[in-house]
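Chemist: Following the hints, position chains B, C and D against chain A.
Protein chains in written order, with this note's numbering: chain A, 1 to 335; chain B, 1001 to 1390; chain C, 2001 to 2194; chain D, 3001 to 3554.
Among the clues, some could well be false.
Said to hold, decoys possible - DEER-style ranges, computed between Cβ atoms:
#1 B:Gln1081 - C:Lys2169: 29 to 39 Å
#2 C:Ile2173 - B:Ile1113: 28 to 38 Å
#3 B:Val1042 - A:Lys89: 17 to 27 Å
Claimed, not checked - Below, computed lysine-lysine pairings styled on DSS-like, alpha-carbon distance capped at 25 Å:
#4 D:Lys3491 - D:Lys3128
#5 C:Lys2159 - B:Lys1003
#6 C:Lys2169 - B:Lys1003
To be verified - Some chain D residues close to chain B (C-beta under 8 Å, calculated; not the full set):
#7 Ser3002
#8 Asp3007
#9 Ser3091
Bear in mind the hints are in silico, worked out from the structure with no lab data behind them. Quick reminder that beta carbons are idealized off the backbone N, C-alpha and C, glycines included.
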Amino acid sequence: MDRRDRFRHNILTSGHSACSGCGEAMASRMVTDLIGPDAIYIGATGCLQVFSSHNQRSAWQAPWMHSVFSNAAAVAAGVEASLQARGKKIPVVVQAGDGGTFDIGLQCLSGMIERGHNVLFVCYDNEAYMNTGVQRSGSTPHAVRTSTSPPGRVSEGKHHVKKDLISIIAAHHMPYAATATVAYFPDLKAKVEKALSIDGPKFLQILSPCPLGWNHDAALSVQVSRLAVETGLFPLVELEHGEVSRVMRLSTQKPVEDYLKLQGRFLHLFNDKQGKTQIRHIQALADTRIRRYGLLDADTNWTSASASIVQRGGRGTYLPVVPAGMSDHNAKAQG
Amino acid sequence: MRKLLEGSRAVAEAVRLCEPQVIAAYPITPQTHIIEHLAQFVADAELHAEFINAESEFGAISIVQGAVAAGSRAFTASASQGLLLMTEVLFNIAGMRLPVVMVCANRAVSAPINIFCDHQDSMSVRDAGWIQLYVETNQEAMDSIVQAYYIAEHCELPVMLCMDGFLLTHTFEPVELLDQDTVKSYLPTFTFNRMLSPDQPHTLGAGSEPENYLEYRYAQHQAMDKSATIVTAAGDKFAAAFGRSYGLLDCYFSQDVETVFVTLGSAMGVVRDVVDTLRAQGESVGAVRLRCFRPFPAEALLAKLEKSCRVIVLEKAFSCGASGIVATELRAALQLAGVSLLVHGYICGLGGRDLTCKVVENIYQQSLAGPIAQRHGFAGINVTSSEGGG
Amino acid sequence: MTHMHSAIYEIRFHGRGGQGVVSAAAVLALAVFENGYETQAFPKFGSERRGAPVEAYVRIAQRPIRTHTQIYTPDVVIIQDATLMHCASVFDGLKPGGNIILNSAGTIKTQLLNHEAYQCLTIAANDIAQKHLSRPLPNMVLLGAFAAISDYASINTLKTAIAGHLQSKGKKIVQSNVDAMMEGYETAINGIGT
Amino acid sequence: MSKLSIDPGSSVTNLTGSWRTQTPVMKNKWPPCGQTCPASEDIQAWLALASESQWQAAWRKLTARNPLPAVMGRVCYHPCESACNRKHLDSAVNIHAMEYFLGEMALANGWQHQKLNDNENNATGGKKIAVVGAGPAGLSCAYQLALRGYAVTIFDAAEEAGGTLWSGIPEYRLPKNILKQEIEAILKLGVTLVLNCTIGDIHGNAPHPHKRISTESLITDYDAIFLGIGALKPRLFQNSQYTDQHVLTGMDFLRRVNQGEELSLPKRVAVIGGGNTAIDVARCLRRLDCDVTVVCAQDPHGAHLAHPGAEIPASELEVTQAQREGVEIIYRTAVSRLVYSGKHLNGVETCRVDKIHDRHGNFNPVLFEGTETFIAANLVIFAIGQEVDWCGLERLIDSGLSKVFIGGDAAGNPRFAATAIGSGFENAMSIIDYLSGQKPYFDTHKKAEVTYKNLNLSYYAQSHRQTENAGEKENSGFVDTISLNESTACKEALRCLSCGVCFYCDNCWHFCPDAAIIKQADNYTIDYDFCKGCGICAQECPCGYIDMHTVLHE
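With the rest of the complex left out, here is chain A:
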């Protein structure tokens, strides 16, 4: 076990081989440290699984299992059933990418939700198949360049718009479904804690920038995710039993160009006339989402500004780290 940090567990600890500036590693570290070591984590195939557990080494410091690409939700359901049968109350958490959630994993996810398993499913949404080298997924937004939706003489990138997954999930009469992103830790923390407090299926979709696939400066992962929210392209919302129960209001709406221009995957849109049209299209999509969720006029003090404010002494922290004695015990248990 690695116990360098007294203030967080580092459930996903150092030595993993994610790209420099990986938004998924960042998001997973926040989520898993908020949940803590007394949980069972199931991973779907994808970047997170590959960079965290390969070649006889693991960056996980909690029980973690990977089966195949599309069945994480079902494996988790089995784990939960086993715990139920043995009268154990331990959180079961799935971590999957957008491929393992929006596309190939959707059937198992839908079944898991419909059967009401007490499982938290976390989707780290980086909007393409990054693990295999940036191919488009059902989550890839409109007009994005990927290796399977390349812009060309007759193409401006991906032709279709991003799948509205959160609505699909909520339509299961889901007890709790929410979107979040790394830029707003207090918001993410509140949502993870809310989710954990609910008995039954719950779902978090966390926008996790990918410096490689989005082709932005590794240092900008947080900045980009912040802009995705501030432009209205990625609304931060909570849905309970299918109804929108809370949104994060935008203190100001930023033009989508602010977001697009930082990312190579949108670069082709700035070159020609058709590109400009696509940018207007993307702006229209943002405006639609803002209208749909009332992001500018929602009656809440929870805004993109108030969720950003930092204070002396931090913006909320993680579960208390197990006392030294406990860590020895763990060391024995696994050694």
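Modeler: This is chains B, C and D only, laid out in the frame that chain A set:
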């Protein structure tokens, strides 16, 4: 106590006695009766398990994988397309060395879609790394469930119990019931030392590299080889406890005879009748049933066959464009052992085609006439109906 | 060619999906088993739906039955729906001197010109069933009739079998089926008498 | 070997630090406020304490560099606020008002300075220091030395301590009792104050009643001497006789007004000069009901971003306040002669200024002929600067004694009280170095500055100054200073961006994808074994505490 039970019911009864904590399945003919019975047991509180109606066979086998990894005994069943839909996870479970037990109610694979019995489904996943047992009767199906858990949990390998769809699953036969206490003493409570738990926060299902993938597979293969002895041990122990003995093979007058039939599953019943008939006519015939197909019991087979001069393999599956699977593996085993005897391979009973005494007797007569032209014969095939793509 | 195991007595049921053909076979086997015989019952499914022709089989013997093949040379055919007779296959392989139990209002016998070789028993099973079960479900009536012409199953063992097989459906259903079976038995006895 | 289960955290054998091509470095920087503060106050630090309502701690942090917060909170022209990065977000932090507030609070609660080491004799070997001049430089120097346990005696020729603060700043800007109280607090550290006492070897006209100490005895009696004698000799306009009726110097005028002398003043007065003194004089005159015209050789503020030397030297705030009070300022104009009718002064003749400085950069305006203009005035007050008056102290300076130190205006610094206080501090440190032979520890301010480009403003909430003129109020046409209250002061202090100084917001710790930032009880460390150098910590650090260095830092 002896009772007239449908095969599916017999299996369900046995599963109930093994007290799995998680059951997940998805309906498919002819497997469905098994889980229907189990669902009823759970509904009547005769079995205390989480019964999970998966959204697909793929989900079902995945749920079972999770349950076993989390430290529970579990059960699922499927057939045909359902089993093929599970394929990816079947390999994964075996690679992770999880002691999963499932039943395959053998059924043909589409297209053309066909719900009746043959072995093409389970045979097509023979390389998945599962121990495969093929049973002849409802009694054996029931008994083998209990042994399957014993075997799986003793060698940390998954076990697939293959029983002929309809021919067993839907057939009422007299069955000697198992008694709960004896089952309990035969099958220890399930423990899994790699189980997922915060007390031992290790990682399961990590990736591998070219430097070590081979070693993983080799270790798995060794475990498979070793498992043969555990299959035998499970049978002997079962005999001691319940008085009915099972092993890798099931032999019928196979000692020192000229011709030996080799087959799997319920077809053995007809073969036994034919052997009786022929022996009554003074023919030197016997039969061997391959109860355990994976691991492939090469030595045991050789021991039985080397003295004979003719082997007739009757199998309900084949590798399209190659040959009968059992026949091929048998030929290979014989050649490795330097034993030269004629292996007549016959593909029969595909898609529920009835394998009757007459068909088997004809095959015997043909085999006396010498080796058949092709690598293998298609028993009772009506060529005109198959011409022009049917 | 005769087989050592040809001492097996074979019954073939013909009916339509929904007429309880499979249950009939199961109940008969249970009764026979109750009577101390080795037995085996199994259906021949098409991907059958309500109304489609269905077959089910019962084997009866003194010693364990090993074969799982279908039945080609039955000793008895029980035809639950007369309309099936228009496809001649219902009599295929019926042994000479074999029995036919036919669910029919009676007039139909004259049409069976070429079947004098067989002992044919017709019984208006639908009407009897209607009376007891308030639906034309002939299977138990016909089993009663079978008990009338055979020693393998007795009324008592049939009662036990019905009770066992329909347990989950409740006492009332069990009783009405038993009544239907009984009337089938009595009608058959009287029919044979005349 | 093929392990079916992998040990937790076994990845830490994979040192991903080797991926790094740029390296984050955590280093506190010097915020622009402190950087520009002439007294080198650690403004960010005392604002941080104030933001947590630790008022006394904040006051102590402030007075570590400036013993006169209540005074400076009134008279300082606070360049810190012009430098404040916050102005790029909304408006600068009201540091001036905060200093005023803390100073007032200290006086109200009678907080006393505390010596840094109590066993003074051991620390100082009983060394004695003479401080000549009780102005801001002298007071600051004496204070710093006394804090560190030295025996200090201050000599001043005036009958009140404070130097220009007392004689040169009008009551409306700096009430005398405030100055008195803060000087009292300094003296309470054991500083001896000798007033009405001239140092030097001159004879004749010294004010009465009077003591005189020779430089000789000063040199023999003291181990070190600090000269903070200011620059009190007014520069004079060529060949004009200074008579109360017609012509005065700014310093003289202010001193007499401050002494409470009733001057009989004409209605129309011209003030010549563009420094703070000129503006003080002008604002005094307005309060004495005169019509005032200021004649200033330079251009207004903001006219010469290139060389501000060509702009009016008085602080912008002073100028605007003066104008709000009705003072007329005529820019880029100089007096060519005084216009008399007989003995009676009618006014001044002025000309437009061509060049302000000569080729040596000295202030030496060249006038445009033919631009002569007459400005009516019955009294002219020249506030065209002061010079140091070394008269009588020649021996101390010329003999090049190592024990003699010079600071404040006398050392040729810009003529600001804050500068003098800073100079007093630095000289005190040098004196200690000289006496003890070892450099005293103090936070050196020679640090990299952090501009607002180094900040990530998205983490700060918009919040405006309590009022745009917090610390001021209009009072019958005249601008007076007022104080914040505790809650507004706390709010104001919270507006500090803490430029370049970590305030434990945890951002770097939350965001590091590689668990390479380890949180400690009161800081963070970077685990370079694993840091991949993505730069997110630096990018997301709100206050510019983290930099990326392209050179590997191991």
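Chemist: Could you run down the list of hints and mark each one as holding or not?
Modeler: To see whether the hints hold, each was checked on the structure:
no.	hint	verdict
1	B:Gln1081 - C:Lys2169: 29 to 39 Å	holds (33 Å)
2	C:Ile2173 - B:Ile1113: 28 to 38 Å	holds (35 Å)
3	B:Val1042 - A:Lys89: 17 to 27 Å	holds (22 Å)
4	D:Lys3491 - D:Lys3128	violated (44 Å)
5	C:Lys2159 - B:Lys1003	holds (17 Å)
6	C:Lys2169 - B:Lys1003	holds (20 Å)
7	Ser3002	holds (4 Å)
8	Asp3007	holds (6 Å)
9	Ser3091	violated (52 Å)
Hint compliance for this structure: hints 4, 9 are broken, all remaining hints hold.
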